[in-house]
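Using the sequences plus the hints, can you model the full thing?
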Amino acid sequence: MSGLEFDGVQFAVDGHVILRDVSGRVEPGETLALLGPSGCGKTTLLRVIAGLERPTAGIVSFDGADVTGIPAHRRGFGMMFQDHALFPHLDVAGNIEFGLKRAGWESERRAARIHELLGMVDLAGFGPRRIDNLSGGERQRVALARALAPQPKLLMLDEPLASLDRGLRERLVLELRGILQQLGLPAIYVTHDQAEAFAVSDRVAIMRTGEIVRVGTAMELWTEPGTAFVARFLGMENVVAGVRDGDGWVTTSFGQFGPIPGPAGAMSLLLRAEGARLTLESGSNVAEGVVASSLFRGDSRAVTLAVRSERVEFSVPNGEASPEVGGVARFSVARVQELREE
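In terms of this note's numbering, the sequence shown is residues 11 to 352.
I should point out that these hints are in silico values taken from the structure, not numbers from a laboratory. This one's a predicted model, so the numbers in the text were calculated from it and none came from an experiment. C-beta: ideal position from N, C-alpha, C; glycine also. Treat each hint with caution, since some may be false.
As the list claims (entries may be wrong) - Distance windows between CB atoms, simulated:
| id | residue 1 | residue 2 | range |
| --- | --- | --- | --- |
| 1 | GLY39 | GLU180 | 20 to 26 Å |
| 2 | VAL338 | GLY49 | 38 to 44 Å |
| 3 | GLY177 | HIS125 | 28 to 34 Å |
| 4 | HIS125 | GLY188 | 16 to 22 Å |
| 5 | ASN143 | GLU351 | 51 to 57 Å |
Structure follows, in structure tokens:
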């Protein structure tokens, strides 16, 4: 088994390019999250893999076999949609059974599979329930059970938790992760939420304007975002412009940082917020600016420093004196990183 591969996939509609030479793979038993802002091409790529759209160019293969020209219903893939797409005229068991009937499963085998899946998604005894009597979380579980029912070779999930409130999403994403690990089923999980992507996946592919711009584990992406876009998308807003001298020192609006080896000239720099501490000292690797805001964040305050149009944010733990808005503050920055051109 070699899992899923997509190579050089392109997709365009009426001259509008949606996917640009996208390549990647999902290893057997691996969950890959497609993460990116709305309109970046995540769902289109998923639909191409599913066979719901035919790529303009490129190949989709599974376990070494080219499936690009095979219709969606013959690929053996399962898909769970954002709106769940449940049949309101069927009860819970009927929704799960739908795909099994189409696949020609015998009655006793269908009943056993439904019973197994209801237990797996923590809905034992829910078979006779009407869909309109279920909560959002229960509908999500039914949709997952239906997608898993025919024992698909690959599971695809398109923003499956987007319609749920934050607390329920956080609980269900952990359940999803556990089920996927239990089944050992390769899966693609589309989301615009980084916390969701990090929690459910083995690797994350970040997309922007129809391209995959970065792939890695959650730790790899967080440790080395690589570009300003990835850093900002992951919530690291302390991206500043700078100029590096011949000794590797980078001069920015907030101070001088480094040394970072590399050619002299203009560059972008990430001032990592973690490990930064409020200080009275000035000097290298210290960010200095006017306090534009100081916001309560539970166990800390988020302090924003401003120099002209640029902003950076650091945290001050509760219990420490926080600088006043309008005054000048300094933060000792423990780690800085160069960001590549986008």
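Numbered hints the structure breaks, given as an ascending list:
none
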